[in-house]
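Position in the sequence shown (first residue = 1) + 132 = my numbering.
Simulated from the structure, these hints should not be mistaken for laboratory data.
Just so you know, these numbers come straight off a predicted model, no measurement behind them.
Mixed in with the good hints, there may be bad ones.
To be verified - With a cut-off of at most 25 Å between alpha-carbon atoms, the simulated DSS-like pairs for lysine-lysine come out as follows:
hint, residue 1, residue 2
1, Lys206, Lys172
2, Lys219, Lys135
3, Lys172, Lys136
4, Lys223, Lys147
5, Lys216, Lys147
6, Lys228, Lys206
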Amino acid sequence: MLKKIRETIRKAAPKASEAVHYGVPTFLLDGYLVHYGAYKSHIGFYPTPGAIVAFENELSKYERSKGAVKFPLKTPMPLSLISKIVKYRVKQNSIKVKSSKNKIINKRGDL
């Protein structure tokens, strides 16, 4: 199951790098994208609190907290939803980076 999740994330964010942070696999692109990990009865998926809010309706049938979702191992893994969330995170990080660069340029007076 972890391999399928990794493949799904890789397809949704092909430019992302991989690492281990907080003891779990992590994808990075302009900052953290998502973390995920296997547990006894579920897959923990950590896409940030903003993504949890943005996909609240789609995630409503899963146990979740501020920044985490538990996908039970006994049910089919929502790979298309994971892909949508990762693409959302890529866009959010890109916006954040562009905004930060614009602030730096404006402070220098280059515009």
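Evaluation of the provided hints:
1. Lys206 - Lys172: holds (11 Å)
2. Lys219 - Lys135: holds (18 Å)
3. Lys172 - Lys136: holds (17 Å)
4. Lys223 - Lys147: holds (12 Å)
5. Lys216 - Lys147: Given pair lysine 216, lysine 147 holds - Cα atoms ~16 Å apart, limit 25 Å.
6. Lys228 - Lys206: violated (36 Å)
Hint 6 from the list above is the single one not met by this structure.
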